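Please build the complex by placing chain V on the supplied structure of chain R, with the hints as guidance.
Number of protein chains: 2
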Amino acid sequence: MNDLRIDGKRLWNSLMELAQIGATPKGGVRRLTLTDEDRRARDLFCRWARDAGLAVEVDGIGNLFARRAGTDPSLPPVAMGSHLDSQPSGGKFDGAYGVMAGLEVLRTLNDAGIRTRAPMEVVSWTNEEGSRFTPVLMGSGVFSGVFTLEHVRAQKDLEGVSVGDALEKIGYAGGARAHRLSAYFEAHIEQGPVLENEGRTIGVVLGALGQRWYDVTVTGQDAHAGPTPMELRQDALIGASRLVLEVNRIAREFPDYARGTVGFLQVKPNSRNVIPGEVRTTVDFRNAKASTLDAMCDELKRVAKAIEAQCRVSIELRENVYFKPCEFDPALVGHVRAAAAALGQSHRDIVSGAGHDAVSIARIAPAAMVFVPCAGGISHNEIESATPADLAAGCDVLLHAALKAAGVAGVSRAAA
Amino acid sequence: MNDLRIDGKRLWNSLMELAQIGATPKGGVRRLTLTDEDRRARDLFCRWARDAGLAVEVDGIGNLFARRAGTDPSLPPVAMGSHLDSQPSGGKFDGAYGVMAGLEVLRTLNDAGIRTRAPMEVVSWTNEEGSRFTPVLMGSGVFSGVFTLEHVRAQKDLEGVSVGDALEKIGYAGGARAHRLSAYFEAHIEQGPVLENEGRTIGVVLGALGQRWYDVTVTGQDAHAGPTPMELRQDALIGASRLVLEVNRIAREFPDYARGTVGFLQVKPNSRNVIPGEVRTTVDFRNAKASTLDAMCDELKRVAKAIEAQCRVSIELRENVYFKPCEFDPALVGHVRAAAAALGQSHRDIVSGAGHDAVSIARIAPAAMVFVPCAGGISHNEIESATPADLAAGCDVLLHAALKAAGVAGVSRAAA
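From first to last, the protein sequence lines stand for chains R and V.
According to my numbering, the stretch in the first sequence is residues 1 to 416, in order.
According to my numbering, the stretch in the second sequence is residues 1 to 416, in order.
Think of the hints as simulated: they come from the structure by calculation, not from any bench.
Please note that a few of the clues may not be correct.
[As the list claims (entries may be wrong)] Looking from chain R toward chain V, a few residues come up when the C-beta cut is under 8 Å (computed):
| hint | residue |
| --- | --- |
| 1 | N13 |
| 2 | L15 |
| 3 | E190 |
| 4 | T219 |
| 5 | H224 |
| 6 | S241 |
| 7 | L245 |
[Claimed, not checked] Result set (BS3-like, lysine-lysine): computed pairs, CA atoms no more than 27 Å apart in a straight line:
| hint | chain 1 | residue 1 | chain 2 | residue 2 |
| --- | --- | --- | --- | --- |
| 8 | V | K26 | R | K268 |
| 9 | R | K156 | V | K268 |
| 10 | V | K268 | V | K289 |
| 11 | V | K305 | V | K324 |
| 12 | V | K268 | R | K268 |
| 13 | R | K26 | R | K9 |
| 14 | V | K305 | V | K9 |
| 15 | R | K268 | R | K289 |
| 16 | R | K289 | R | K305 |
| 17 | V | K268 | R | K26 |
| 18 | R | K156 | R | K9 |
| 19 | V | K301 | V | K289 |
Nothing here was measured: the structure is a model prediction, and the numbers come from that model.
All C-beta atoms, glycine included, are put in the ideal place defined by N, C-alpha and C.
So here's chain R without its partners, still in its complex pose (with noise of 0.2 Å):
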């Protein structure tokens, strides 16, 4: 059992052809929840389900279950799994991989005829990047009850469409309930650039930063730009930029892994000769401690009243997004960490950084993700990329760590 190993090449061979869903000129993918990209997407990943003989279930908000049966029915399922949206202009490994990795090791267990004790699936979970649609990690915090579906159905994207009728219409609003999990093992890119630097195979995920994000609005007066002197301007664009280099400043500034970003920005009336009277952005703090993340959301109030009082503008800011830190199983993360020492990858403790399903689901059932390296730590881009040896290597350990919590409970007399 300890010399069982993933095919590489057929990993590697199903990423690249989902990739070509919704693929980019410069090599990217743009798959948007709940498009035609994503609903071919996952017709594919369906269809692989069934050939790989699992049981495809979808529930209300559009996750995707395939199921492989354990020996013990009473057990509930040990689950491996990721996304297939990806961002705008993203990558062909985001999500992508957690996916193509967990059918990858039920593939490589019929292959091997191994029965497990647990049954195991494959999950795939609508809308984690929240770029079409907020909030993120939609299907695995509906599964989780940290939304409703209802409330969820009834988001709506840039164009009025809801989630509820973009379910509809590509034929993913399944009626599937939410189930237990004995346990939840994520794999992924590691989107940072911490294992590359170091030279190493495997990040052992103790947990995530957790996140505050708010919807902002400026609010000045638009007015032509020529014959409106700069003392009785109420530009809501310089109000919006003060506000973007102090959501930087704050971030530089604390501890605990502090980050901040401001992503998004839109300008109206958006012509150049006319002084902008209304900016929409956001703000995206993340900090490994929730008092820390706190006092950065404090900070940020103060300045933006300060920048009121200065650019004789008014700051709205709503706070859409809560996530608190998170941190994963213990016993879990030791099946990680203990499948890389035994597979021999050199590997090292990591915090994420990004919210993954896994912490979503880390508040229902047990979970754990595992890391791989992407070259130069970059993600949400065409250019994400990674090597070939090194998902495999991802991928042997998700196998190890998950059947260590599956438990094998026998080899059938042909594959043995």
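Just chain V now, kept in the frame of chain R:
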């Protein structure tokens, strides 16, 4: 003669009747150049001009000239005017006021039986706004030799209709040739907040700000907001925000009516949890003095270099518009100031931040402008508003300044 006043009620009624053509539900005007609405406005103006005994001519680009004879046929006319076209969501006064005020001046001279030495004429310039066809200031630009008639007749709107075809369709491609002008006066709403802010009625316009416009691209590297440590980021929006604030600082620190605006800004990929990799934005610098305008641009280039180094981004500046500052004719400006003083109107010297037909005409003839306040400084908007009293006061100033330029030859018995 000093007691002569225009008929404020007639002026207001003419403006309100004209504003019915292309009237919008919110009280504004949509009268895009060379459309059927423009034709109807021209027809009404021509009828009123002929009713006032004026000789109407149309030139090749559709500029309308309505002339009242003087006693000395060797003198070129003293012209007054502006434009009848509007922005897509424009107001009742931008442009229309200057044409109706010119007409009211000649109606007033008729009523009073005043003969002038120079002929006087009211002009309506074609396509000042540039909303349907570029370039802006088209009719006055052709008249003053900035553009050739052939060039502008070939310009097309978004539907592919050319200026030449549109002119012929509405029946306003005339045969009159460009002629000399003794003087040109343009009455206009300020389109800015200065007069209202100071509680003054008349703006004595010294000239118009020069303009230098840039397209700007800030390039960094997009990356996932969570796992990327602050010190390793190349955030294009940090660079762009620094630039926005520097444009504002430069405009506040430089003299000579300096203005600086970033009105357009577009973030890529514009996702809340992705560090922006690229920002496209613009800079609009204006100044009354060419050397100061140049110095502002030099300072912009210097700070862009500094931001590149500090923020680990690259910044490309591409200049795409340069209009020199315009100084109006000191003698005519003096006539405007003297008329305002003689009429007991509160007034101040002012510089136009926007372009006007008078700026084109100033290239070939002595020119000046009279500004009146508009509510909140708001223009290019359906809620654009000005009071009957202010509009009448500006028209009285126009009357006396233009009379000074044309010279009074006498008063006819009938009216005396």
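Each hint tested on the structure:
Given hint, N13 of chain R at the interface with chain V, is violated; its Cβ is 26 Å from that chain's nearest Cβ, farther than 8 Å. With its C-beta approaching chain V no nearer than about 19 Å, L15 of chain R sits outside the 8 Å limit, and its interface hint is violated. For E190 of chain R, the interface hint holds, since its Cβ comes within 8 Å of a Cβ in chain V; the closest pair sits about 6 Å apart. Because the beta carbon of T219 of chain R sits about 15 Å from the nearest beta carbon in chain V, more than 8 Å, this interface hint is broken.
Hint on H224 of chain R holds. Least Cβ distance to chain V is approximately 5 Å, under the 8 Å limit. For S241 of chain R, the shortest C-beta to C-beta distance to chain V is roughly 4 Å, which falls under 8 Å, so the interface hint holds. Of the supplied interface hints, the one on L245 of chain R holds, with its beta-carbon coming within about 5 Å of a beta-carbon of chain V, less than 8 Å. A threshold of 27 Å between alpha carbons decides the hint, and for K26 of chain V with K268 of chain R the separation of about 20 Å falls inside it, so the pair holds.
Among the hinted pairs, K156 of chain R with K268 of chain V is consistent with the structure: their alpha-carbon atoms are about 21 Å apart, no more than 27 Å. At most 27 Å may separate the alpha-carbon atoms for a hinted pair to count; K268 of chain V and K289 of chain V exceed this at roughly 36 Å. At most 27 Å may separate the alpha-carbon atoms for a hinted pair to count; K305 of chain V and K324 of chain V meet this at roughly 26 Å. A C-alpha spacing of about 17 Å is found between K268 of chain V and K268 of chain R, which places the hinted pair at or below 27 Å, so the restraint holds.
Restraint check for K26 of chain R and K9 of chain R: satisfied, since their Cα atoms lie roughly 23 Å apart, inside the 27 Å limit. For the hint pairing K305 of chain V with K9 of chain V, the CA-to-CA distance comes to about 58 Å; that exceeds 27 Å, so the pair is violated. Distance hint between K268 of chain R and K289 of chain R is unfulfilled; the C-alpha atoms sit about 36 Å from each other, more than 27 Å. With a C-alpha separation of about 25 Å, the suggested pairing of K289 of chain R with K305 of chain R holds against the 27 Å cut-off.
Our distance criterion of 27 Å between C-alpha atoms is met by K268 of chain V and K26 of chain R, whose separation comes to about 15 Å. Of the pairs offered as hints, the one joining K156 of chain R and K9 of chain R is violated, with about 40 Å between alpha carbons and a cut-off of 27 Å exceeded. Restraint check for K301 of chain V and K289 of chain V: satisfied, since their Cα atoms lie roughly 19 Å apart, inside the 27 Å limit.
The structure fails to meet hints 1, 2, 4, 10, 14, 15, 18 from the earlier list, while all remaining hints are met.
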